[in-house]
Each structure stands twice: as C-alpha cells, then as structure tokens.
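Participant: Next come the chains, spelled out residue by residue.
Protein chains: 2
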Amino acid sequence: MPVLNETHHSDLRSWVSSANDADTDFPIQNLPFAAFRRKGSDEAFRGGVAIGDQVLDLAAVDGVFSGDAAVGVAACAQPTLNHFMSLGSTIWSALRLALSRALREGAAEQGALESCLVAQSDVEYSLPCNIGDYTDFYTSVFHATRIGSLFRPDNPLLPNYKWVPIGYHGRSSSIDVSGQTFRRPQGQTKAPDAESPSLNACQRLDYELEVGIYIGKGNELGEPVALDEADQHVFGYCLFNDWSARDIQAWEYQPLGPFLAKNFASTVSPWIVTNEALLPYRREFKRDAQDPQPLPYLASAKNSEEGALDIKLEVLLQTQQMREQGEAAAQLSNSNFVYSYWTVAQMVAHHTVNGCNLRPGDFFGSGTQSGPEHEQGGSLLELSRGGKEAISLPNGEQRTFLEDGDTVVMRGYCQQQGSVRIGFGEVASTVLPAKG
Amino acid sequence: MPVLNETHHSDLRSWVSSANDADTDFPIQNLPFAAFRRKGSDEAFRGGVAIGDQVLDLAAVDGVFSGDAAVGVAACAQPTLNHFMSLGSTIWSALRLALSRALREGAAEQGALESCLVAQSDVEYSLPCNIGDYTDFYTSVFHATRIGSLFRPDNPLLPNYKWVPIGYHGRSSSIDVSGQTFRRPQGQTKAPDAESPSLNACQRLDYELEVGIYIGKGNELGEPVALDEADQHVFGYCLFNDWSARDIQAWEYQPLGPFLAKNFASTVSPWIVTNEALLPYRREFKRDAQDPQPLPYLASAKNSEEGALDIKLEVLLQTQQMREQGEAAAQLSNSNFVYSYWTVAQMVAHHTVNGCNLRPGDFFGSGTQSGPEHEQGGSLLELSRGGKEAISLPNGEQRTFLEDGDTVVMRGYCQQQGSVRIGFGEVASTVLPAKG
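Protein chains in written order, with our numbering: chain Y, 24 to 459; chain L, 24 to 459.
One or more hints might be untrue.
No copy labels: a pair is met if it fits in one copy or bridges any two.
[Unchecked claim] 20 Å max Cα-Cα, derived EDC-like pairs, lysine to aspartate or glutamate:
| hint | residue 1 | residue 2 |
| --- | --- | --- |
| 1 | 309 | 333 |
| 2 | 458 | 243 |
| 3 | 411 | 216 |
| 4 | 185 | 218 |
| 5 | 213 | 314 |
| 6 | 185 | 216 |
| 7 | 458 | 246 |
| 8 | 458 | 252 |
Calculated from the structure, these hints are not laboratory results.
Hey, can you work out the whole structure from these sequences and the hints?
Facilitator: Below, the structure written as structure tokens:
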C-alpha cells in the first residue's frame, strides 16, 4: 500500500481555524491548488492553496520557504500552474510538506502567512492551467453497459471493452471552470422515423459525472510511461461535468465518435486535489473472476494493491424554480470512483503505450462514473432510462433531460472511517436557453 | 466568384529572382507564412514569408511598413503566429499587399529588405503556431466509401455521411512539422480468429493525405460562425499527413472513434498558404443530383459558387533502399482537394453550429483526400485494397503498408491554365523502428 508521510496524519490541526471544522472540504491534510484572483478585480490570476475557508495566495508568499519548496512557490506565482505541474513530484511534495508544516498550529510561519490569506468567498477562479489536450475515457463498465444497451440493444458492451481502456479526444477550448454558463446547443438530429435530419436546439441535454485528472510531468514522443511510473506523471484530481447532447450524439457518432454532442461545454471544479493528498484513500483494485486479466502492460502488483481510489461522488440539480423559491439543490444520484473498471495508472500507461506524448496540464476525464445500481447512474440518460421514465424532484417538478435554467452541481470527497475528510469543493454550472 | 486584387495578378515579378522561376512553389503571388530560424542555431523562432528560395525574416523588417501592415509585421516577430492569426483579415490583407508591393521588381523597399532575406536551405522550421485544438474531418466521400467497405462491407457509407460533415477531435501534442521522425507505434490488436488481443508493434502502418486548415480569428463560446462568414476565420492552408495504425484502429475504434491509432504522430508542412493567396483557385462546389442538398446552415449561393478549392495533391514514397541507392521518391498517388464532399466553410459552420469556440491557431485536417478513381486513394489502406494487393515500386520493392525507414512525402500546388503556380512546399517524415 502507498507510503504515507507526516502530511497525511489525521491529528494535524491548522492555525487557520476553519480548516479544523469537521465538514470543511479543505483541512490541512488536503492542500489543493487552484488559480484565483480577488472577485471582480483585474488582478493577475495566480496559484493558491485552499485551507479551510481561505486561499493562501502563493504569489504573496515570498521568502517564507527555502529549497525545493521555494522553487515550487515561485512557479505557483504564474497565471497558470503548468510550470509548477511540469516540475515533478519532488517539488510538489516539498511544497506540500512545507505548507503542511507552516499552516500547523504553532507554526513559526503563522505571522508571515496570515497576510497572504484571502477568503474563498472573496475570490474567483480561472482554469488552473492551460489544458493542451483533453482525453475522455469511458471507464465505468456500468455506464458503458447501460448506455450501450440504449444505442445498441443487441450488443451493449462491445468485445474490446474489457481489454482496452476506451478513450477518445475531446475539445479543450470549451472547458471552463465552475460557474460556467452556456447556451443549449443546436445541432443536427434525426428522429428514427424522419426522412431527413434537421437543425434544432438539443432536446436531450445531459450532464456526465466524471473525475478529472491533470497530468503533471509529461513524457517525450515515442517514450511510453510504464504502469508503475504513471503516478509520477499525475498531478491531481478534480470534479468534471462533461455536458452531452444525446440527440446530436445519436445521429453524428458513427463512425468516428462523439463530436458536436460534447464540445459545446465542459466544466471543472476549481481545485486540484493532489495525487499525494489522496494516497490514504487508495484501495485494492479488483476484477471479477470471470473478467479477463489485463494485458501485461496494464497489470502490476502495485496497480492491483492500490490502483483504485475511494472518492465519493454526488450529483445535485437546482432548477430555476427551486432557485427562485430559495430551495437547495436536490440530489439526483451518488456514486464512487472506486467502481472504475480501469485505474488512472492504466489510463496513463494505455494512452502512452503507442508513444503518444502527454504534456503538463493535459487533462483526462474518467468517463461517467456510474455505480452498479440503477440509482447510481452518472447521467440523466441512465436515470431516466433513455428518456422513458421521468425523475421526480422534491418540489414536484419532473425531468427526463435538462431544462433551461437548470444548475447541475457535483460534489466529491474522501473519508475513511473515523478519519479526516478530504473534499473536492464543487462544480456548478447552468444551462442557458438556446441562441434565439 | 471571389474578388481578386493586385496581389493576385499573374504578371507580377519580384526582385528576388528565384521567385520568378516557373517551377518555384513561392512566387510573389503566394507569400505564405512559417515560423523559422537559422538551421542549428539557438535563435528564437519568428515569422517569415517565403519568396522564391528565400525567407523574408519578419522580425528583421522594422520601420519598412506603416499602418495595418506594420501591426501585422510586429505580430509576426513573435515565436508563434497565433497573435498575427488572431488579428483578422484586415491586418492579414494589409500585410500581404505591403509585402507584394515591396517585393516587386523596382520596389523602393528592395534595399531595406535585401538584408532581411535568409536562404530556405539555411533555415529550420517549428510549428507555425501553438495548435490549441485539432479536429480531423472526413470529407472525401470516396475515401469514406472505400474505408467503410473494409470495416463494414455491408454498410460502407453510413446514413449520416451526406448530411453531417463528420469530424472528430484529434491530438495536438503529437503534431510536428515536416522532418518529423517517429517510432512505429505499438498497441493492442486482435486478429479476427485470435481468442484475445495482444500488444504488438503496428503491422499496418499507413499515411493519410490531407489538407490542413488553420483557424485565424476565433469565435466566442455560444456564437456560431455563419457559413458565409467562415472565410473571415480561416487564416490558411498546409499539407498534412495524419499517420494511422490500421490494425490498432480496427480493434479500438468502437464505440468512441479512433484514439491510439492516430495520436502517435501527425505532420504538417511548414508553410501556411493564406486563404487570400488561394482565391484564384476557388471553384464551383457541386453535389450530384441524386445527393441530398445540405441543410440551410450549410448552404449558400457563395458556398456553391466558390466553395471548392482546386489544390492538386500527390503522395510519394522514398524507401530506405531508395535513399541508400540515391533514388528519388516514387509517386504513389495523386488527388485534388476539389473532390471534397464538404467545403472548408461548411466545416467551420458545422463545427461551431453548437456554439463550440474556435481559437486562433486551431487546426482542422480535411480527412484523407482520395479522388474518385482507385489510383487516387490517399492512403495505403485504399491503394492496397485493405492490404490484399501489394503495390510495386519502380525499384522492384513492394508495399502493402509502411516499413521502417520509409519516408512519405506529400506535395501540393494550385495552377490554372496559363497562370501562375502557387505551391505548398512539402511535408516529409520518416518511420523509425518500434521501441525495442
């Protein structure tokens, strides 16, 4: 199992008192990174670390740290974290350790760092890095089977699924950070009984509950990343909503895959929870006995022993009516990343086995993380059984797919029994009416 | 038909004498852009314009131009052309006109510009811009039908093909400029009669003859580009080899499209021939009478009258043996971009109809540009009828797919009868053995 260090110790407490609250997403054991500035200002975006309800402004931390941690802090002062992410795990770990020590109760650095705190309620976020390439995987066998049964009733799970970590390239330009709003897309659709297609506003607009993965250190073209080296290339994780237009997808996706059904918007949560912070939540990665064992380049003892990640996930919906009536978002489903059929290390090893180069800041979507039960579907397409069964909301409204004004919220956190809770914050974004 | 201007006049001659040679790719009517530096130097890359066998170093041109042309020149001094490409057609045209006038025989600027010339034989190129997103289309109906008949003999051309400009997202990180070498990729393949897949070096390595399209001015998320506005967003064109691993593709591509079969390498020619330079080679865009007319967002009088581009294309192969024996590359096939089933304006309008945002420097591949005849296939998969018929080369060698040491060369040019010839230069790249 992974080697933990002093930064993971559940007894640690911070002099930032909100970081010691039982329900905070950001205790001192978390220390996730984002790019931020004061809300509504024209300040430059720069790197920050979440601690309780505060952001530690890393561009303001000067002269407090030394050695590798200082190298890391200097890199985080840039408007994007790409350079910091490229520096590799020695620098990442050094900065994490220095931050953990400096933010602990009784730390000598308290005086110097107090003036570097900004309340999270006073900041706005940008994408934490320039995302060069975005790849979307398809790692929930439960999602793949349910979706497959809607698109191909006679052949839901294709023969390659249990051998190949299926993925495809997505669009970087339309990825934005939580708070994103976007117009309902229009596109070509064709009803099964229609003679020809037509251009319409999407009628089957959906979300997808995904985990996002940021690549830190890249690899050179032609140099695959071995499975057990993959973790050295993964900087961290976020929540990811990969909006989908199901009716556009059904008509366009053959033979080259989804295109306009996906590239109109995708939304990430602002904070990157580091790979190191998540080490205590690694789990054994198991395959059903009747499933094929992965090919050798996708199999190792380390991957089996600690490849899975126990991240609890949930999707909530706040309709326009709920918002107007002051009602909180209602939960639609919950799931867990531990159900993923492929580990993140397997995604990295597979993506690079042909020599494909990953660059710092590249992004993977995990694919919709549906659990084994119908109620754990990570999309409305699953929950509404292809739009055939409406879902009833607590206020009496119903949904098969999303309506204008709907805000979809995703949350995630890790918690072991009796242990500290590491949260991801949230990703929330809202559907606007189609262009008139 | 498009409005031509003085820069297109076929009688223009340059004081750079090699630009007046009948067989140059770069007469004064062309004026394509690249990013270059002196070969083997550690100079910064910067923008240049090809004229005959010379490059005009745009970072060295200072104070020669004024107004919009000076704005353009200043932008071209940067290491990538993204900023210049973002400035839009008024700036692009102003610089083209100023360059055309200053490079003409008798121009007063000759003295100032002579010292800004560098021989093309003395330079090396980088990618002309940072490619944010790369989209590959599939616009040759002849290619789609032939490939479809290999993957789906009973259903070669899918019902959406004649309605939807099919495209999918590709990988930016592995795109490089002519001269690229890359290792033969390894990947999962499965023979039809094998019980399970295995990891092997690709046995069916192929090229794809494509036209590359660079986006200049972008569009905002949520704001589609109308068909007749599309040209304002297209900066220019190049040659593009989208290397493909056919055996990997066959096993991985369902249901989300090609992934590792494509993302190990893609190669562009260094020069971007501008949209404006190509105006004289626009042609009527016709559909067969029995084909459906495009939906209204993909149809206009302008698109019908001048949507097609008459770019002659050819693929050549130089094997290692040919190279060792001093033999020139042998032509494998030729084709023409005029056969494309969709125009570039239709690609832009379709790509953005859902609100997807394009950014300056984004890149489209046209898809393999095969002509109507078997001999005009733009890939070995077509020419060898799925690997069943070997192609004989002039030196007695045979090929079904590419072998290690093979260099694939693509060339393209435009020429009207009795008119000036506008060339694209070439894209050449070489297959190295798989990683041992």
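Participant: Checking an output row: residue 411 and residue 216, CA cutoff 20 Å. Within, between, both or neither?
Facilitator: Result: close within a single copy only, 17 Å intra versus 39 Å inter.
Participant: Can you tell me if residue 458 and residue 246 fall within 20 Å by alpha carbon in one copy, between copies, both or neither?
Facilitator: So residue 458 and residue 246 pass the 20 Å test across copies only (8 Å; inside, 45 Å).
Participant: How would you label the pair residue 185, residue 218 (within, between, both, or neither) given a Cα cut-off of 20 Å?
Facilitator: between (37 Å within a copy, 13 Å between copies)
Participant: Give the relationship of residue 213 and residue 314 under a CA distance limit of 20 Å: within one copy only, between copies only, both, or neither.
Facilitator: Close across copies (17 Å), not inside one copy (37 Å); limit 20 Å.
Participant: Is the C-alpha distance from residue 458 to residue 243 at most 20 Å within one copy, between copies, in both cases, or in neither?
Facilitator: For residue 458 and residue 243, the Cα distance is within 20 Å only across copies (13 Å; inside one copy 43 Å).
Participant: Under a CA distance limit of 20 Å, which applies to residue 185 and residue 216: within one copy, between copies, both, or neither?
Facilitator: between (34 Å within a copy, 18 Å between copies)
Participant: At most 20 Å between alpha carbons: which applies to residue 458 and residue 252, within, between, both or neither?
Facilitator: Between. Shortest inter-copy distance 18 Å satisfies the 20 Å Cα cut-off; intra-copy 47 Å does not.
Participant: At most 20 Å between alpha carbons: which applies to residue 309 and residue 333, within, between, both or neither?
Facilitator: Cα proximity of residue 309 and residue 333: one copy only (13 Å, versus 57 Å across).
Consistency note: the structure conflicts with none of the earlier hints.
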